[in-house]
Every structure is written in C-alpha cells, then in structure tokens.
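First residue of the sequence shown? That's 0 in numbering that gives the first Met the number 0, and the numbers climb one at a time after it.
Please note that the accuracy of each hint is not assured.
[Stated by the list, open to error] With a straight-line cut-off of 20 Å between C-alpha atoms, the simulated SDA-like cross-links for lysine to any residue are: (1) 5 to 68; (2) 5 to 32; (3) 5 to 51; (4) 5 to 26; (5) 5 to 70; (6) 5 to 76; (7) 5 to 112; (8) 5 to 28; (9) 5 to 116; (10) 5 to 114; (11) 5 to 52; (12) 5 to 117; (13) 5 to 34; (14) 5 to 23; (15) 5 to 79.
[What the hints assert, rightly or not] Derived Cβ-Cβ restraints for the label pairs, each shown as a range: (16) 29 to 106: 31 to 39 Å; (17) 36 to 77: 14 to 22 Å; (18) 89 to 4: 24 to 32 Å; (19) 16 to 117: 14 to 22 Å; (20) 110 to 29: 15 to 23 Å.
If you're looking for bench data, these hints aren't it; they were derived computationally from the structure. Idealized CB from N, CA, C, for every residue including glycine.
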Amino acid sequence: MTTRRKWRNGTGTLVTPAAEVPLEVAATYARRARGLLGRDGLEGALLIAPCASVHTFRMRFPIDVAYLDRELRVLSVHTLRPGRLPLPRLRARSVLETEAGAMARWGVRAGTRLSVRF
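Could you put together the complete structure from these sequences and hints?
Written as structure tokens, this is what we have:
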C-alpha cells in the first residue's frame, strides 16, 4: 500500500526503534535548499521532503543520511563527511538527516520503518 503525504514545514517527533527524537520538516523549496547549511549541529533530525539526493558542500559537520520511501521505510543509511555528493536513490521520496552516529544509536538501518508524530 502506498501512502501519499503532503508534507509541510514544521516540527514534530520522529519515532525510531530505540528513541523518539525532535524532528524538523523542510518541505518548501527554500527550506529544502537550506537544509543544515550554516548550522554547527542538530538536536534531533531533519526530514527533507520531497527529496531523493543531498550534498554536504559547505556543511560544518559530518551527517548520517537515511533515504526513505513513500512509507517511511529506510532504503539505505550513509555517513557523509562535508564536501560530498552521493548518488541519488531511485525509490527515495524523502531524506532524513542527523549528526553522524545518531542513526546507529536510534536503531535506524535499511528496512526499518519510521513514523512521525505532529
């Protein structure tokens, strides 16, 4: 079953297998384009939707990136240092970003199903 969501900028809670963490949602073009640029860190996570690829140019810290399908199932997780441009993920509909190491602490890996509460 495919779930269609109309994401809006805002905040909520990301529910992972091992934690519930603060979540920011970037859904407009301006918020998606800015992402984590100019920040020194992040408490919780940033969901960018719609999105199938990211970059870490001008980033100040390494990040974990989880590519998500329409149902918020994790397709893959990668840790990226600043200045990287990974390949887009074909089935990805959104991307979850957080500080490096957080995904492992939260039990997020390929196949994990996440949920969001507003």
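(request) Measure nothing beyond the straight line between the CA atoms of residue 5 and residue 28; if it is 20 Å or shorter, mark the hint as holding. (result) holds, 14 Å
(request) With a cut-off of 20 Å on the C-alpha distance, tell me whether residue 5 and residue 117 pass. (result) Holds, at about 13 Å.
(request) Please work out if residue 5 and residue 79 have their alpha carbons no farther apart than 20 Å. (result) Violated: residue 5 and residue 79 sit about 28 Å apart, past 20 Å.
(request) Just tell me: holds or violated, for the beta carbon distance of residue 29 and residue 106 against 31 to 39 Å? (result) holds, 32 Å
(message) Can you confirm whether the C-alpha distance between residue 5 and residue 114 stays at or below 20 Å?
(response) holds, 15 Å
(request) Mind checking the alpha carbons of residue 5 and residue 23 for me, to see if they're no more than 20 Å apart? (result) With a Cα-Cα distance of about 15 Å, the restraint between residue 5 and residue 23 holds, given a limit of 20 Å.
(request) Given the hint that residue 5 pairs with residue 76, test it: the Cα-Cα distance must not exceed 20 Å. (result) Measuring from Cα to Cα gives roughly 24 Å; hence the hint is violated.
(message) Please check whether residue 89 and residue 4 have a Cβ separation lying inside 24 to 32 Å.
(response) violated, 19 Å
(request) Given the range 14 to 22 Å, decide if the beta-carbon distance of residue 36 to residue 77 lies inside it. (result) About 18 Å separates the Cβ atoms of residue 36 and residue 77, which means 14 to 22 Å holds.
(message) I want to verify a distance hint. Is the separation of the beta carbons of residue 110 and residue 29 within 15 to 23 Å?
(response) Because 33 Å falls outside the window, the suggested range is violated.
(request) Starting from the range 14 to 22 Å, see whether the pair residue 16 and residue 117 falls in it by beta-carbon distance. (result) Holds, since residue 16 and residue 117 (Cβ atoms, about 20 Å apart) stay within the stated range.
(request) Quickly compare the C-alpha distance for residue 5 and residue 32 to 20 Å and report which way the hint goes. (result) Roughly 18 Å separates the two Cα atoms, so the pair holds.
Figure legend: structure checked against the earlier numbered hints; hints not met, in rising order: 6, 15, 18 and 20.
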